[in-house]
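**Student:** Sequence:
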Amino acid sequence: MRKLLLSLGFVATMLGTASSAAFAATANGELVFTNGTATAFTDVFICKSNANDWGDAIFHDEISPGETVKANFTGFGQDVCSFSIRVIDSNGTKWDVDEIDMCETTKVTFKNEGGKMKYYAE
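Quick note on numbering: this note's numbering labels position 64 of the sequence shown as 64, and the sequence is numbered without any gaps.
By construction, these hints were calculated from the structure, which means they are not laboratory data. Since we're looking at a predicted model, the values are computed, not measured. Positions of the beta carbon are idealized from the N, C-alpha and C atoms, including for glycine. Careful, some of the hints might be misleading.
Claimed, not checked - Once the Cα atoms are required to be at most 27 Å apart in a straight line, the calculated DSS-like pairs of lysine-lysine come out as:
| hint | residue 1 | residue 2 |
| --- | --- | --- |
| 1 | K70 | K48 |
| 2 | K116 | K70 |
| 3 | K118 | K70 |
| 4 | K111 | K70 |
| 5 | K70 | K94 |
| 6 | K118 | K48 |
| 7 | K94 | K116 |
| 8 | K118 | K94 |
| 9 | K111 | K94 |
| 10 | K111 | K48 |
| 11 | K116 | K48 |
| 12 | K48 | K94 |
Said to hold, decoys possible - Distance ranges between label pairs, derived from CB positions:
| hint | residue 1 | residue 2 | range |
| --- | --- | --- | --- |
| 13 | S90 | G114 | 31 to 41 Å |
| 14 | T93 | D56 | 15 to 25 Å |
| 15 | K70 | T39 | 18 to 28 Å |
| 16 | G114 | Q78 | 34 to 44 Å |
| 17 | G115 | D79 | 28 to 38 Å |
| 18 | Q78 | A38 | 35 to 45 Å |
Work out the full structure: start from the sequences and follow the hints.
**Tutor:** This is the structure in structure tokens:
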């Protein structure tokens, strides 16, 4: 399994808009994550799609429903666009979303629908 090297700087902030979960990202850029579900998240991971190792959490403080956090991520190479995201909720459930094209997509809305984490790209 390949291990990802991440160089991350992050700052958490509350935005006040709790109606959706969104990412605004570019490869090796800024990640904005809003928890739009009804359950708190305790950890967030990012890796290249089809990587064999999640590496370290980019955020491991509780992210309440409606709360937004930001993280800068680097170390993937400029030609990398396809990423996977893993969140772990306060119940310990791991939710994976695969093959998000962060070079083309600026916002992704995440919803827990029927026991599955889904995203909608804008």
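**Student:** Now tell me, hint by hint, if it's right for this structure.
**Tutor:** Comparing the hints with the structure gives:
no.	hint	result
1	K70 / K48	holds, 18 Å
2	K116 / K70	holds, 24 Å
3	K118 / K70	holds, 20 Å
4	K111 / K70	holds, 19 Å
5	K70 / K94	holds, 20 Å
6	K118 / K48	holds, 18 Å
7	K94 / K116	holds, 10 Å
8	K118 / K94	holds, 13 Å
9	K111 / K94	holds, 14 Å
10	K111 / K48	holds, 21 Å
11	K116 / K48	holds, 21 Å
12	K48 / K94	holds, 17 Å
13	S90 / G114: 31 to 41 Å	violated, 20 Å
14	T93 / D56: 15 to 25 Å	holds, 20 Å
15	K70 / T39: 18 to 28 Å	holds, 21 Å
16	G114 / Q78: 34 to 44 Å	holds, 37 Å
17	G115 / D79: 28 to 38 Å	holds, 35 Å
18	Q78 / A38: 35 to 45 Å	holds, 37 Å
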